[in-house]
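Protein chains: 2
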Amino acid sequence: MFGLVLDFELSNKPKYIQLYEAIKSEIESGRLSKNEKLPSVRQLIGLLGVSKATVENAYQQLMVEGYIESRNKSGYYVGDFEFGLMTQKAYSPNPNPPKASRPKRFNTDDAEESAFQFGEWKKAVNRVLEYETKSLLSYGEVQGESALRHEIAQFVHQSRGVKCAPDQIVIGAGIQYLFSMIAICFRNTTQKMAFEYPGFTKGMFVFEDLGYEMARIPVEKDGINVTALEDSGAKMVYVSPSHQYPTGSIMTIKKRLQLLEWARKNDGLIIEDDYDSLLRYEGYPVPALQGLGEGAHVIYMGSFSKLLMPALRISFMILPKQLMERFAVLLPRYSQSVSKIDQLALAHYMAEGAFERHIRRIKKIYGRKNQLLVEAFKTIPHPGIALVGSSSGLHVTLSFDARIDLKGVTYECAELGIVLESVAGEQLGRYVVFSYSGIPDHEMEMVVEKLVRVTQRHWHP
Amino acid sequence: MFGLVLDFELSNKPKYIQLYEAIKSEIESGRLSKNEKLPSVRQLIGLLGVSKATVENAYQQLMVEGYIESRNKSGYYVGDFEFGLMTQKAYSPNPNPPKASRPKRFNTDDAEESAFQFGEWKKAVNRVLEYETKSLLSYGEVQGESALRHEIAQFVHQSRGVKCAPDQIVIGAGIQYLFSMIAICFRNTTQKMAFEYPGFTKGMFVFEDLGYEMARIPVEKDGINVTALEDSGAKMVYVSPSHQYPTGSIMTIKKRLQLLEWARKNDGLIIEDDYDSLLRYEGYPVPALQGLGEGAHVIYMGSFSKLLMPALRISFMILPKQLMERFAVLLPRYSQSVSKIDQLALAHYMAEGAFERHIRRIKKIYGRKNQLLVEAFKTIPHPGIALVGSSSGLHVTLSFDARIDLKGVTYECAELGIVLESVAGEQLGRYVVFSYSGIPDHEMEMVVEKLVRVTQRHWHP
Numbered sequence: 015m016f017g018l019v020l021d022f023e024l025s026n027k028p029k030y031i032q033l034y035e036a037i038k039s040e041i042e043s044g045r046l047s048k049n050e051k052l053p054s055v056r057q058l059i060g061l062l063g064v065s066k067a068t069v070e071n072a073y074q075q076l077m078v079e080g081y082i083e084s085r086n087k088s089g090y091y092v093g094d095f096e097f098g099l100m101t102q103k104a105y106s107p108n109p110n111p112p113k114a115s116r117p118k119r120f121n122t123d124d125a126e127e128s129a130f131q132f133g134e135w136k137k138a139v140n141r142v143l144e145y146e147t148k149s150l151l152s153y154g155e156v157q158g159e160s161a162l163r164h165e166i167a168q169f170v171h172q173s174r175g176v177k178c179a180p181d182q183i184v185i186g187a188g189i190q191y192l193f194s195m196i197a198i199c200f201r202n203t204t205q206k207m208a209f210e211y212p213g214f215t216k217g218m219f220v221f222e223d224l225g226y227e228m229a230r231i232p233v234e235k236d237g238i239n240v241t242a243l244e245d246s247g248a249k250m251v252y253v254s255p256s257h258q259y260p261t262g263s264i265m266t267i268k269k270r271l272q273l274l275e276w277a278r279k280n281d282g283l284i285i286e287d288d289y290d291s292l293l294r295y296e297g298y299p300v301p302a303l304q305g306l307g308e309g310a311h312v313i314y315m316g317s318f319s320k321l322l323m324p325a326l327r328i329s330f331m332i333l334p335k336q337l338m339e340r341f342a343v344l345l346p347r348y349s350q351s352v353s354k355i356d357q358l359a360l361a362h363y364m365a366e367g368a369f370e371r372h373i374r375r376i377k378k379i380y381g382r383k384n385q386l387l388v389e390a391f392k393t394i395p396h397p398g399i400a401l402v403g404s405s406s407g408l409h410v411t412l413s414f415d416a417r418i419d420l421k422g423v424t425y426e427c428a429e430l431g432i433v434l435e436s437v438a439g440e441q442l443g444r445y446v447v448f449s450y451s452g453i454p455d456h457e458m459e460m461v462v463e464k465l466v467r468v469t470q471r472h473w474h475p
Numbered sequence: 015m016f017g018l019v020l021d022f023e024l025s026n027k028p029k030y031i032q033l034y035e036a037i038k039s040e041i042e043s044g045r046l047s048k049n050e051k052l053p054s055v056r057q058l059i060g061l062l063g064v065s066k067a068t069v070e071n072a073y074q075q076l077m078v079e080g081y082i083e084s085r086n087k088s089g090y091y092v093g094d095f096e097f098g099l100m101t102q103k104a105y106s107p108n109p110n111p112p113k114a115s116r117p118k119r120f121n122t123d124d125a126e127e128s129a130f131q132f133g134e135w136k137k138a139v140n141r142v143l144e145y146e147t148k149s150l151l152s153y154g155e156v157q158g159e160s161a162l163r164h165e166i167a168q169f170v171h172q173s174r175g176v177k178c179a180p181d182q183i184v185i186g187a188g189i190q191y192l193f194s195m196i197a198i199c200f201r202n203t204t205q206k207m208a209f210e211y212p213g214f215t216k217g218m219f220v221f222e223d224l225g226y227e228m229a230r231i232p233v234e235k236d237g238i239n240v241t242a243l244e245d246s247g248a249k250m251v252y253v254s255p256s257h258q259y260p261t262g263s264i265m266t267i268k269k270r271l272q273l274l275e276w277a278r279k280n281d282g283l284i285i286e287d288d289y290d291s292l293l294r295y296e297g298y299p300v301p302a303l304q305g306l307g308e309g310a311h312v313i314y315m316g317s318f319s320k321l322l323m324p325a326l327r328i329s330f331m332i333l334p335k336q337l338m339e340r341f342a343v344l345l346p347r348y349s350q351s352v353s354k355i356d357q358l359a360l361a362h363y364m365a366e367g368a369f370e371r372h373i374r375r376i377k378k379i380y381g382r383k384n385q386l387l388v389e390a391f392k393t394i395p396h397p398g399i400a401l402v403g404s405s406s407g408l409h410v411t412l413s414f415d416a417r418i419d420l421k422g423v424t425y426e427c428a429e430l431g432i433v434l435e436s437v438a439g440e441q442l443g444r445y446v447v448f449s450y451s452g453i454p455d456h457e458m459e460m461v462v463e464k465l466v467r468v469t470q471r472h473w474h475p
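These protein sequence lines map, in sequence, to chains A and B.
Offset between the first sequence (1-based) and our numbering: plus 14.
Offset between the second sequence (1-based) and our numbering: plus 14.
Derived from the structure by calculation, the hints contain no laboratory data.
It is possible that some hints are incorrect.
For identical chains, the list gives no copy identity; a pair is met inside one copy or between any two copies.
[To be verified] DMTMM-like mimics (lysine to aspartate or glutamate), calculated; alpha carbons at most 20 Å apart, straight line: (1) K279 / E435; (2) K148 / D455; (3) K38 / E144; (4) K136 / E339; (5) K392 / E227; (6) K136 / E146; (7) K29 / E366; (8) K335 / E275; (9) K87 / E459; (10) K378 / E35; (11) K206 / D281; (12) K29 / E146; (13) K27 / E146.
Looking at chain A on its own, in the form it has when it is part of the complex (with noise of 0.2 Å):
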């Protein structure tokens, strides 16, 4: 029943906010049940004293989150679901459910909420809408704004050891966006394109659909194969040294020397995925391959989604002096992918330290967490899982015993909210990624119980 009352004077929030509010409380603690109808716009109307516009803002918003629907034609309903404590399911009429429309307490390959300071980077795009108008009503930069790539340029620099000028970058809305750049760049040279395997799959996908045959180099202890990548005759690698995804390798010095060199004599191309180097919590971040290199035959890749937020869509890529004029014909050829806002709220964000400020606040934050992740699996028996590569990142990888059917697991561990990533694309392997940036510290301990004692349940017979 519906018996929903309001004093809207009782906060400054605004009222579709409230009532926002009030009705998703309602369905949480289910005192609103699952497929109960909801009363129709007009009626919400009449019963609370509030504009139409009021109610449609407060039901978009719970539709947007998926705490309600709207059913053909017959109006709004609670959505089917019940809640419980990390248990709540998903109503999904469609087998891959967006992830957004979930409602959810988290998903472990969330951000943590603390980890992002909202009232920066408003402050940063307010600048931008009130004081750079005049520039967001012409098109961009087609490399990316300059006033950004300054500040990448500067901050790779310092972080990372990298070298490079602002007009060797390139921005684009994604790493695959900026790998299809690199594909169509180089079609007509070659057709095969190397990957650490177990790797990036989706980094894989997109040399794929642009008809590059694949030649898959497996990653060892200390990163990739380079014999086995001499071997295979490819003239451009993916490698991602500083934090192998998903093994969660770091590249020997010896191995990065012997990378370049190979490089070197083959005329070949490195593209060095640095994605989560910054998250190192033991020991120093290791150089990475660009400089080292001194900028010739690698392609520097580094992205802000993981970094800052994953609503973002930023990446850049830095070219190597050599293939400038190889991407100038090229480049002028694509419209700019990234909204200049954003691009110019960036580089305030980033030329007022909050980049770095913000760095080094995750950095303790999913440091701590990784620390009470690495603890549970001390206390935690964990029969038939190791866990492995754990001193950087976001995530961890898990390797499962041959007689567990991680099918199984991935899937019942996903209706709990637990993202378990496998890494080898269509078939399943033996490794799993485990993303646990999303799980709240003091729930850690109960969220690997959960994935232990689901496994449990998945020995073959």
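Given the coordinates of chain A, assemble chain B onto it according to the supplied hints.
Here is chain B on its own, set in the frame of chain A:
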């Protein structure tokens, strides 16, 4: 000589903005002349008694806008350009200087400054950054946020008669990005792509770069030549029926039905770019092909860059139901390319009616500009230039007498901020597109006069 005196107490603006504005005005007025060296950051701190951040922010802003430049370790200098009404030349060490960094009053292809009410956009963005922060810490939906897809579905239905469900919509960072998805999706089925010609050059680039053979189909007064399309053997074709770019022709209903018939008979696919259909100033808007064909055989495309502001990179495509399954395999291979903040902000902006109000406003603004332009061409004699297709959009197409050196005209106009775009790609044709959205009303006649004057200097002997 640098003799700036500033009383920061006289204004409420941040100090760095005051300093920025003061130096800018010194440059614009000529009191600081071109190539003049500016005081160092340290000197300015001493001179004005401000903080380092204030000086650095002001200098950064001036650099972003191209007023000053930092020269190789020797400090900051005023740029190498002169200010004067409409005649300032850009300092360009680089043969293709990025537009955004040119010091200028306007380029004729900017958006009109009063056309966009930044207040409403700011409100929408801040709402997201205040109340939806939790959702910004997780990755977005592959096809784009459902809140935005709902708004778009409603909007294209009401304004353009397009029929679709939100789950047929895919959001992406620009039309080119969405083109690449289409090209990838079909590359194993067909290697040929047909385009209206002359037409959307940057669109052709995408298909060419992904290995498609290009069939260039002539555009007639009533739209694409369907017989030539049939003869080409292509199964996919790009058209802009409601306002062909660049000829400005509008596809007649007869031709629309012919084209749909072609698609039905050949199991063909029509990519309908409806990019500025809402900016028609005469008569009724032409209905979309998509609605006419009941959604089959047509991918409908729209973009918010032209309609809202160029700084935003949000486009969308609407897939026919028949193709959903095919794209369902491809789409999850790619991460969403548009910032979730922008998507949610746009959803709010549309839900609140701000977008509709905006469209009404710019229709008025640009309609008036269009009229002023047409009148200017009536008033001013313009031998050798003809105006074609002038009843919609933000640009007109000009056709030039064969005895005029078009390359020379285009080049000289560019230096005056008059943006003429050749339409045939590499080889300069007889047609150019003249964008007028950035010309203030009271300068329309002057700009047309300048254009005519430049042209008269370039008759071949």
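Results for each hint:
When the C-alpha separation of K279 and E435 is checked against a cutoff of 20 Å, the pair qualifies neither within a copy, at 36 Å, nor between copies, at 44 Å. Within a single copy, K148 and D455 get their C-alpha atoms only as close as 45 Å, which misses the 20 Å cut-off; across copies the closest is 17 Å, which meets it. In this assembly of identical chains, K38 and E144 lie within 20 Å of each other by CA distance solely across copies; the values are 17 Å between and 34 Å within a copy. Taking identical chains as interchangeable, the C-alpha atoms of K136 and E339 are never at most 20 Å apart, the minima being 38 Å within one chain and 39 Å between chains.
Proximity of K392 to E227 under the C-alpha cut-off of 20 Å is found in neither arrangement, the shortest distances being 43 Å within a copy and 60 Å between copies. Taking the shortest alpha-carbon separations for K136 and E146, both the intra-copy value of 15 Å and the inter-copy value of 13 Å come in at or below 20 Å. With identical chains, the CA atoms of K29 and E366 are at most 20 Å apart between copies only, with a shortest distance of 15 Å across copies and 35 Å within one. Only within a single protomer do K335 and E275 lie at most 20 Å apart by alpha-carbon distance; the minimum there is 18 Å, versus 52 Å between protomers.
Taking identical chains as interchangeable, the C-alpha atoms of K87 and E459 are never at most 20 Å apart, the minima being 45 Å within one chain and 54 Å between chains. Taking the shortest alpha-carbon separations for K378 and E35, neither the intra-copy value of 32 Å nor the inter-copy value of 40 Å comes in at or below 20 Å. For a Cα distance limit of 20 Å, the shortest separation of K206 from D281 inside one copy, 14 Å, qualifies, whereas the shortest one across copies, 34 Å, does not. In the homo-oligomer, the alpha carbons of K29 and E146 lie at most 20 Å apart only across protomers (15 Å), although the nearest pairing inside one protomer, at 32 Å, exceeds that limit.
For the homomeric pair K27 and E146, the shortest alpha-carbon distance between copies (14 Å) is at most 20 Å, but the shortest distance inside one copy (29 Å) is not.
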